Each structure stands twice: as C-alpha cells, then as structure tokens.
Amino acid sequence: MLKVQNFSFKVNNFSLKNINLTIKEGSFHIIVGHTGSGKTLLLESIIGLRRIPAETIFINGTDSRFIPIEKREMSYVPQDLAIFPHLTVDENIRYGTRVKRNMSKELGQLTNELIDLTEIRHLLNRKPKHLSGGEKQRVALVRAIAAGAKILFMDEPLNGLNKTLKAELQYLLKSLHKKYKLTIVMVTHDLDEAYTLAEIISVMSNGKILQTALKEELYKQPSSIEVAKFLGISNIFNARIDRITNDTFQIYSFELNAVLFMKKNDREYKLKNKITIGIRNDEIMILRKDLQKTNQTNIIQGIVEDFYAREYYYVVKVIPKNSEHYLTLEVPNYAFNKLNISKQEHIFLTLKEESIFII
Amino acid sequence: MKKPETFNLLFIALGGVILLFLFAPLVGMIFKTPLNDLFSTAKEQEVQKSIILTLLVSFCTTLIFAIAAIPLSYLLARKKFTGKKLIMGLISLPIVIPHSAAGIAILGFISRDTIIGKIGASLGLNFVGSSFGIGLAMAFVSLPFLINAAVDGFLSVPVRLEKAAFNLGANSFKTFFSISLPLAWRSILSGLILMFARGMSEFGAVVIVAYHPMITPVMIYERFSAFGLKYARPVAVIFILISLLVFIVFRVFSNKSKIIKIRP
Chain Y
1 MLKVQNFSFK
11 VNNFSLKNIN
21 LTIKEGSFHI
31 IVGHTGSGKT
41 LLLESIIGLR
51 RIPAETIFIN
61 GTDSRFIPIE
71 KREMSYVPQD
81 LAIFPHLTVD
91 ENIRYGTRVK
101 RNMSKELGQL
111 TNELIDLTEI
121 RHLLNRKPKH
131 LSGGEKQRVA
141 LVRAIAAGAK
151 ILFMDEPLNG
161 LNKTLKAELQ
171 YLLKSLHKKY
181 KLTIVMVTHD
191 LDEAYTLAEI
201 ISVMSNGKIL
211 QTALKEELYK
221 QPSSIEVAKF
231 LGISNIFNAR
241 IDRITNDTFQ
251 IYSFELNAVL
261 FMKKNDREYK
271 LKNKITIGIR
281 NDEIMILRKD
291 LQKTNQTNII
301 QGIVEDFYAR
311 EYYYVVKVIP
321 KNSEHYLTLE
331 VPNYAFNKLN
341 ISKQEHIFLT
351 LKEESIFII
Chain R
1001 MKKPETFNLL
1011 FIALGGVILL
1021 FLFAPLVGMI
1031 FKTPLNDLFS
1041 TAKEQEVQKS
1051 IILTLLVSFC
1061 TTLIFAIAAI
1071 PLSYLLARKK
1081 FTGKKLIMGL
1091 ISLPIVIPHS
1101 AAGIAILGFI
1111 SRDTIIGKIG
1121 ASLGLNFVGS
1131 SFGIGLAMAF
1141 VSLPFLINAA
1151 VDGFLSVPVR
1161 LEKAAFNLGA
1171 NSFKTFFSIS
1181 LPLAWRSILS
1191 GLILMFARGM
1201 SEFGAVVIVA
1211 YHPMITPVMI
1221 YERFSAFGLK
1231 YARPVAVIFI
1241 LISLLVFIVF
1251 RVFSNKSKII
1261 KIRP
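Those protein sequence lines, which keep their order, are chains Y and R. Taking this note's numbering, the leading residue of the first sequence gets 1, the next gets one more, and so forth. Taking this note's numbering, the leading residue of the second sequence gets 1001, the next gets one more, and so forth.
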C-alpha cells in the first residue's frame, strides 16, 4: 500500500540515499537507526511534510505528490508529540474528526474505546500543560488513531519515558495494533524497543536503509558488517571454508585460531572460500567446569580477560587460546553468578552451529 | 551582599528619573486644570463629538485593516521569498518618517485628481476632509504596530503544531483559524491595541489629510494656537483620561482572553 522507490533527497548537508521500502498493510514496521541517520526526514517525506522529487513515494500506486497531506489518511505522532496547547485533551483527541467533519458513529465509538483503553477519560477536560509525560504520549497516540487514519507513523514516541511507563506503552501499542489491525510505522534508535514491537525492521544508517527484514530474519542473518555491528554483534571475524557437507560448513577462523562448524545457508560457497562470520554475543555459552570436554565440536578454550555488569547480563571478554582477538559474550546475571567466573580464569566456551552466520 | 544593593539602588534611581519624566508633565497638567473648566469643556458638544469621532474612526480603522494585515503578517512569518526583508523594512517605514510627511504622502495618494480619489468620488466617497481620509492617515502611521506584533505572534507558534494539524486532516484555512490564529492571538491583540492607540493619538498625518471633521488631537492644537494653553489644556486632560480608561479596559480584556478558541 505504501512504497518508497529509489528515493534520494537532500536537505542542507544531509541526504537520504536511494531508499527503497515497502510498508505492508497491517504490519508493525520499525525503522531503527542511530540519531542523525535520517529516520525523521524519511518519515516526514512519506507523510508529506517535505517537498520531495516526483515518482519516489507511492500511496496505493499513486505518486504521493498528487495527494494533499490532509487526504493521505496517515496520522503522525512526532517526537515532541505536538499536542495543541490551547485545546483540552478532549478537543485534541477529536481534532481530526472535527476538521474532517467526519462524525461517523464508528469513529466516535473508536475514540471512546481508545479513551478507555488508554485510561485517559479522567483527563479529558484538562489542558496539556497539566499532563505528565506518559499522559501526553497517550493523548497523542489516541489523537492520531482517532483521526481515522489507515497508517500511523510515530517518531520515537516513547523517548524520554521511564522504563515502567515505556513497557506499559509498548504493551498498549501492541494491543492497539492487534485490536484495530493498524499499520504502524515507527522510528526509534532503541534496538530493544524495535525487537519488542516490530514485525518488520529496517536498519537505517547515514541516510541509507541497510536492511529490511522480518525481525527474526534480521536477528538470524544481518546482511552486512554495519548491520551486524548495529545489532550489537561484536564477534566479527574472517574465516575460510574448509569442508562442505550436506547441511554444514566446517570453517577455520583465523583470528580465533579455531575450527568451527556452522549451518549452511542458501548462498553458494566453494571450498577455500574466504568469508566473514558473525557470532551472536548472547549465544556463546560458558561450559560448566564439570561438563568441560574438548572432544565436542565448537568448543573454544580461552582466558577471561575482563568482565563488567550491564542491566540484565554480564559482558565477558575472552581471549581464545593462541589468539590475540577478543570474543565478547553476554552472560545472563544468574548464569554468571552461578559460574563464579574470575579474571584470568581458563574456561571453555561452546556455541551452536546456528549461532554462527556468514555476513 | 553589598553589591546587589548598590545595583538595585542605582537602577531604581535611574528608573525613577524616567518615570518622573514620563508622568510629571501629565500629572502636572491634570492638577493645573481647574475642575470647573474640565466639567464645562466636557459638556461642550464639539468636544464630545470630536472624542467620539477619534475613538470610533481609530477603532473601525483598526478592525478593517486588521482583516488584511493579519494574513499579511502570517505570510511574512511563515513564507520565505525574495524581497521579504525589504517588505519588512517598508512596513516599519511609517514609524520613522515625520508624520507630516506621511500625511503629504497620503494626501498625494487620495486627493481628487488621483486614481484612488477619482474612484472614491465616483462611489460618492470623498477621502480628503472626511472620516475616510482620517482613517487612512491613522492606518498609515499605525499599521506597523499591528503587523510587527502579529508577525512576532505567528513566529512564536511552532510550525510543528501546524504540521500536526495538516496531518490530522485540516486544510490551510482550518489550520490557520484553529491553531495559528488562536496561539498568536495574544500578540495580535496587543498589536490591535497598539494600532488603535497610535491611531487615535495621531496628529501630524491627519491634520494634513483632514482638518475637519476635527479629531481631538487636531482640536487640542487648534485651541492652543488660537486661544492659548489655558483653553487647550482641559480638552487634552479629558482626552488623556478617556484614552487611559479605554487603554485600561483593553488591557484587562486582553489579559483575560489569554487565547481565543475557534472550534475547528
């Protein structure tokens, strides 16, 4: 229903470069990228807030330039929410239906449902300046959906909220998407948020879309080193294919000085092909001392160089035997505490064949 | 702790000098006018008519010209175009040129031998020596106050709110009337009051365009030049008091109506 085709666009010193994107009806599509990657500019271009080149963005097959912004049936929740300060919450929420003179019973019912679902009925007569951050987010969300739009665009709508509120609103967004079969396009810099909410994720960097995929696919198979790094994968190494069987490759990693086995993918490779592999940080496991065996496959022996705590896991840096490169692991807190790891300790690591992928 | 005290004392002293300079002549004039003179002058029909004419013409001029001046201000605040700075400069020109010169310019524009004058005459309107001419002269010198205030008001409305309104389905007119205008209203109202006040106090431009019907500033001048200070002073005091009253009423009204609300 919405297609962005070979879209390049320059604003001051920044440009969007050859963007191709299809937004499927009913999908929850998240564009994720660092600050300044061009996400907001792309969103504003799609919505119609920017003058864009012809034949680049199509809405139901029609060049978007021929559809006035107010007729696009797209609602937008900007980063600062843009709640009208002189109107009450109720007037804000019903603004879309009033200006469009669309007082249909269905839309009225939907608005009422949304008000109850988001628990803002008690705020209806308040002015925006008397609302908290989370309440404002809810009002902006309801206003956008209540306008009767077919696609809802959101620009970092949960930015700046505390964790509890963020989780609540994420749940709310998911339920709204499911209940009303909304098409949602959201941009965020928060990868966790993208994984929590999205069905489809587009990774954006420096004005380019690097990869668009179902979130499971993106997790399994980042298409480039840049995407892999953006996804937080630190373990990227050069390797060589030494053996090919029906469903596995036997590879040798130069940096890790290790022979590893990995699942074959769809692409064609030949023996001795040089490849770049990625190993997901959270899928490398430390073997318990009583289970350590060197005769298993995909076992890497190494020394714990360093570790530090993050919120739910420990980051552990391990130098494999006869190697000068780090392997970075993310070990859940409970496992880390149970393993009782100390620095300079000799440990054994194991990883599944599926945890290694070719970039 | 001594420094701030010295600072405050110095600033209060300097500010006091200015306040004294501003209010002393006015207060002096009011106290120098005997109450009897004040009441007898206030009863004069000529004076009453003149004050009503001044207030009414200035009020109507402000309202009529605002219909076009407010959209112009919006364009100046929102659109980028070649020559914008020049236009902004030209708009403020009446503030800096002598008002007698402004009167001559207006007279040259509306006198009977000009196109405007001829069009007016064919419609039965005589601009020179009429309320219309007074209104035009008042507008010429006072419009910059409204336009500048309204431009500032529209500039203070975040464009993102207008974009949000568009996105919710409002067209340009609805966005202007439901978002831009209400949010810029305080500045616009301030501009309207300033324009009205500036218009009713105008002398230089009006006296050239229309000596008669006589607005109060012209009457004050006429009585001063013909009969002297004693005769002119009561009219001036009455006009100042009425102007002050009107101004206070407008200010109270503008403070109460912080934002106008137009239902989309």
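Think of the hints as simulated: they come from the structure by calculation, not from any bench. Fair warning: this is a prediction, and the values are worked out from it, not measured in the lab. Note that CB positions come from ideal geometry on N, CA and C, so glycine has one too. Worth double-checking, as some hints may not be accurate.
To be verified - Calculated lysine-lysine pairs in the DSSO-like style (CA-CA distance at most 30 Å, straight line):
no., chain 1, residue 1, chain 2, residue 2
1, R, K1079, Y, K17
2, R, K1079, Y, K71
3, R, K1163, Y, K208
4, R, K1043, Y, K150
5, Y, K321, Y, K229
6, Y, K179, Y, K163
7, Y, K179, R, K1079
8, R, K1163, Y, K178
9, Y, K174, R, K1043
10, R, K1043, R, K1163
11, R, K1043, Y, K129
12, R, K1080, Y, K71
13, R, K1080, Y, K10
14, R, K1163, Y, K10
15, Y, K215, Y, K352
Stated by the list, open to error - Okay, the calculated bits of chain R under chain Y, using three or more residues with CB under 8 Å as the criterion:
no., segment
16, 1160-1166
17, 1171-1183
Claimed, not checked - Sample of chain Y residues with no beta-carbon within 12 Å of chain R, all distances over it, derived:
no., residue
18, H86
19, N92
20, L131
21, K179
22, K181
23, D190
24, K208
25, E216
26, I236
27, N298
Hint by hint, here is what the structure shows:
1. Proposed proximity of R:K1079 and Y:K17 is supported: the alpha carbons are some 28 Å apart, at most 30 Å.
2. For the suggested pair R:K1079 and Y:K71, the alpha carbons sit about 23 Å apart, so the restraint of at most 30 Å is met.
3. The straight-line distance between the Cα atoms of R:K1163 and Y:K208 is roughly 25 Å, inside the 30 Å bound, and the hint therefore holds.
4. Simply put, R:K1043 and Y:K150 have alpha-carbon atoms about 70 Å apart, too far for the 30 Å limit, and the pair is violated.
5. For the suggested pair Y:K321 and Y:K229, the alpha carbons sit about 24 Å apart, so the restraint of at most 30 Å is met.
6. Simply put, Y:K179 and Y:K163 have alpha-carbon atoms about 24 Å apart, close enough for the 30 Å limit, and the pair holds.
7. Under the criterion of a C-alpha separation no larger than 30 Å, the hint pairing Y:K179 with R:K1079 is inconsistent with the structure, at around 42 Å.
8. For the proposed pair R:K1163 and Y:K178, the alpha carbon gap of about 28 Å is at most 30 Å, so the pair holds.
9. For the given pair, Y:K174 sits about 77 Å from R:K1043 by alpha-carbon distance, which is inconsistent with the 30 Å threshold.
10. A hinted pair counts as satisfied when its Cα atoms are at most 30 Å apart, and R:K1043 with R:K1163 does not qualify at roughly 57 Å.
11. Distance hint between R:K1043 and Y:K129 is unfulfilled; the C-alpha atoms sit about 52 Å from each other, more than 30 Å.
12. Taking the CA atoms of R:K1080 and Y:K71, the gap is about 25 Å. The hint holds against a cut of 30 Å.
13. Pair hint R:K1080 plus Y:K10 holds up; C-alpha atoms about 19 Å apart against a cutoff of 30 Å.
14. A hinted pair counts as satisfied when its Cα atoms are at most 30 Å apart, and R:K1163 with Y:K10 qualifies at roughly 20 Å.
15. Taking the CA atoms of Y:K215 and Y:K352, the gap is about 20 Å. The hint holds against a cut of 30 Å.
16. Coverage of a stretch by a chain is defined here by at least three residues with a beta carbon nearer than 8 Å to that chain's beta carbons; for the segment 1160-1166 of chain R and chain Y the count is 6, and the condition holds.
17. Counting residues of the segment 1171-1183 of chain R whose CB falls under 8 Å from any CB of chain Y gives 6; the rule of at least 3 is met.
18. Not every CB of chain R lies more than 12 Å from the CB of Y:H86, the least distance being 5 Å, so the non-interface label is violated.
19. With a least beta-carbon separation of about 9 Å from chain R, Y:N92 fails to lie farther than 12 Å from that chain, contradicting its non-interface assignment.
20. Residue-level check passed: Y:L131 sits 16 Å from the nearest beta carbon of chain R, beyond 12 Å.
21. No Cβ of chain R comes within 12 Å of the Cβ of Y:K179; the nearest lies about 21 Å off, and the non-interface call holds.
22. With a closest Cβ-Cβ approach of about 21 Å to chain R, Y:K181 is found to remain outside the 12 Å limit, as its non-interface label requires.
23. For Y:D190, the shortest C-beta to C-beta distance to chain R comes to about 22 Å, beyond the 12 Å cut-off, and the non-interface label holds.
24. No Cβ of chain R approaches the Cβ of Y:K208 within 12 Å, the least distance being about 25 Å, so the stated non-interface status holds.
25. With a minimum CB-CB distance of about 32 Å to chain R, Y:E216 clears the 12 Å threshold, and the non-interface call stands.
26. Separation of Y:I236 from chain R is adequate, the least Cβ-Cβ distance of about 40 Å exceeding the 12 Å criterion.
27. For Y:N298, the requirement that its beta carbon stay farther than 12 Å from each beta carbon of chain R is met, with the minimum near 52 Å.
In summary, the structure is inconsistent with hints 4, 7, 9, 10, 11, 18 and 19 from the numbered list given earlier, while agreeing with the others.
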